[in-house]
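Student: The residues making up each chain are set out below.
Number of protein chains: 2
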Amino acid sequence: MSKKQLIKPRTLKGFRDYLPDAMLARETLIDTARQVYRSYGFSPIDTPALEYSEILLGKGGDESDKQLFRFTDQGDRDVSMRFDLTVPFARFTAQHLNDLGMPFKRYHIGTVWRAEKPQKGRYREFMQCDFDTIGTESNTADIETLLVIHDLFEALGFERFTIRINNRLILNGLLEVRGLEEKSVAILRVLDKLPKILHDGVRRELSEVVGLNDADVEFIVNLTSDIARNGKEAEELLTRASGQLQSSSIGLLGVDRISELLDAAISAGIDGSRIQLDLSIARGLDYYTGTIYETFLNDLPGIGSVCSGGRYDNLAELFTSQKLPGVGASLGLDRLLAAMDELGMLETAATPAQVLVTMFDANRLCDYVRIGREIRKSGISAEVFPDAKAVGKQMKYANRKGFRVALIAGEDEFENGHWQVKDLDSGEQTAVPEPELVAHLQHILGDTTH
Amino acid sequence: MSKKQLIKPRTLKGFRDYLPDAMLARETLIDTARQVYRSYGFSPIDTPALEYSEILLGKGGDESDKQLFRFTDQGDRDVSMRFDLTVPFARFTAQHLNDLGMPFKRYHIGTVWRAEKPQKGRYREFMQCDFDTIGTESNTADIETLLVIHDLFEALGFERFTIRINNRLILNGLLEVRGLEEKSVAILRVLDKLPKILHDGVRRELSEVVGLNDADVEFIVNLTSDIARNGKEAEELLTRASGQLQSSSIGLLGVDRISELLDAAISAGIDGSRIQLDLSIARGLDYYTGTIYETFLNDLPGIGSVCSGGRYDNLAELFTSQKLPGVGASLGLDRLLAAMDELGMLETAATPAQVLVTMFDANRLCDYVRIGREIRKSGISAEVFPDAKAVGKQMKYANRKGFRVALIAGEDEFENGHWQVKDLDSGEQTAVPEPELVAHLQHILGDTTH
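Protein chains in written order, with the numbering used here: chain H, 167 to 616; chain X, 167 to 616.
Okay, chain H solo, but in the shape it has when bound:
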């Protein structure tokens, strides 16, 4: 018999497998996000991975920007894999407008694909985690977007994080009163580069590339430095801005909305030191038109914003003539997971089960299986080791996987109706009568069973 030629097992460049430890952390993060979204009344939706390319590209879309995985299917259709969740959401709302009813609040947690050059921390397949409220211009939706972001990070276990906010109307108004509205695109393009090129770079580019005079350069640079770190500073900053914006009605509207947002957040119990007002943030040039959100981890500011979003005027203008204003944000799941890993916030177990029932005597298989199911009924997860291998080997397996407790029973224990319960953290081992076993396990596992 000739030896068969094997196929080399490998994944495509830019794609990855998730092993149990990584996947358990990911599922916990997704569950937490879902729970927070749902608590605010956001409903889940899903859309197909594949769409007509026309839908994803939009009119005159620049394919190279979107790095589509695009091909012709068996039915000769030009199709592509979705590259974000925003365009499918726009198509979805236009298509199901009558069934959804407005306002409509949805979250969408899904995989997207981009054929871009893979690099550290950037993959061709990754998960997005978006939530949006559409069909309303009410500031309530903007306020709740801020609360959702806040409660999400708190629920994930972060204490030190900062949500930076702005309203594009204020920024637009300030440029307008200084007569810079025609250069606003170029100015915003420079401002977006601030984290990379720093103040000196901004100063240089505003002067050399955009061609601003010194006074205007200093005005813009001052904007980016003037960050209000608490409620009192925000009030002062907004008062100053109001003073400058008397001739700009949109600028004053922006001030009103952000004031109300700050007031409402504080009155809802948010710690004001977690909210910073930064009149210079814009997040891109075109899409957002009102409130802007960025979220930073105080202990890892270098990774950039891990949850960003804002208000937009019209979600689905490519697909419907109905105007759909909205506001929302997107959680950078993979970036956040990497950050939590770096901060030591992730559990490291490679098993979701807490108890390993070891197998000492294969003839008592029914007993091991029975006790496993008994334990599970109390809400404790339990795995039964399938083979009667040496106890040392089974213990090694238990430690490697991260079980908290191992049960052992051989002839003596079965005769006495006992189970040896080994706490794998303390190493302590106790013989426990079977009727007391579940209570004993609950005691060892403490709060972790809930």
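The reader is advised that the hints may include incorrect statements.
If several chains are the same, the list does not tell them apart, and a pair holds so long as it fits within one copy or across any two.
[Unchecked claim] Below, simulated DSSO-like cross-link-like pairs (lysine-lysine); rule was C-alpha separation at most 27 Å, straight line:
#, residue 1, residue 2
1, Lys283, Lys359
2, Lys286, Lys359
3, Lys174, Lys489
4, Lys489, Lys562
5, Lys286, Lys489
6, Lys362, Lys286
No lab work stands behind these hints, which were simulated from the structure alone.
All values reported here derive from a predicted model rather than from experimental measurement.
Dock chain X against the given chain H, drawing on the hints supplied.
Tutor: For chain X alone, coordinates are given in the frame of chain H:
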């Protein structure tokens, strides 16, 4: 300004959107499956949607069988979207063998794509929900696979379901002792058609197509009719089979394993009437080599098996020379959801939130937002309606979405520190002082908040 040409919003043939009501049901189903898998120590994994086509097709794979979405990517690689979770799992285990450790128990809930002809209830994109134990031949794994299926359907709320089991070794042994092993593939092919062609069809095909004599035809047909519906019948059936199998060691091994499986299931507390032994089920011709599982809903037998699986000898032989025996099953998520819908087992709400805070006075926005967050802190989900529309419109929204309670407050209520609490089921409305609001809501919502 010329009217812009809109892109028609539409999904590809065979693909679908999930609106909130469908998606909420789906998430509940997935959560339940996950919880049961985890309670038995199965860990989650994930693999990429795209793989090298060579990996998915295997050696000499028949592409037409697999209906791949296949294309050449920007890097000139021949890639395909996964058509099931089994082949990626085989590739995954071979690739990460050293990191996983054996035995390895995993579940994988993921989307797969098949470019087959769409028809009622069959889509080109659907979700699979698999669990497997690999790296062991122990019957413990076969037994726990049965328990997982059982506990899963119980957890989903089914009372009337039947798990049909068999062991391919018994079937192979019986054919062997009758000297029919060379015709076994043809015979199994006919047996697999039983649900469609019924006994008369089986009888006719065995005679005319396979060319069996009358005695052999009757022997096979008897096999398919002889289903043991409880422990006692199973024992009798296995005793009869043992009698016939004295000259077949593999047949007797099959009898031993299925006897032990039945004993262990009963001793672990499974209701024996939910397990049926059917010596004729094979589930395909090649893949499974030991225990076989099929799951039927007693109230909807016509939809076929909703959870099927079995034991196999070697998971990843295309990718590694290490032999990896295993056992597992796959939950037919979409078929099951359709069934639960038909049986009226699905919640029909289109919102995950229980309480709608209506907005009566836009000037009190901060109060509506504040009370929403207050309620959420107690574990009750609450949505704040963003616009001060007519109360009737907001109530219509609340009823349409399926909220259980609406809160209303205007000038009078704010003056008295009260909230009007409207139970949307009973229609009853009560004025409740704010400090008592959460307790009052908990009372109305009862157990549903947990």
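Student: Look at each hint and say if it fits the structure.
Tutor: Each hint, compared with the structure:
1. Lys283 with Lys359: Within one copy only: 21 Å inside, 49 Å across.
2. Lys286 with Lys359: within (20 Å within a copy, 52 Å between copies)
3. Lys174 with Lys489: Only across copies: Lys174 and Lys489 sit 16 Å apart there, 52 Å inside one copy, limit 27 Å.
4. Lys489 with Lys562: Classified as between: cross-chain Cα gap 22 Å, same-chain 61 Å, threshold 27 Å.
5. Lys286 with Lys489: Cα proximity of Lys286 and Lys489: none, with 39 Å in one copy and 35 Å across.
6. Lys362 with Lys286: within (17 Å within a copy, 54 Å between copies)
Hint compliance for this structure: hint 5 is the single one not met.
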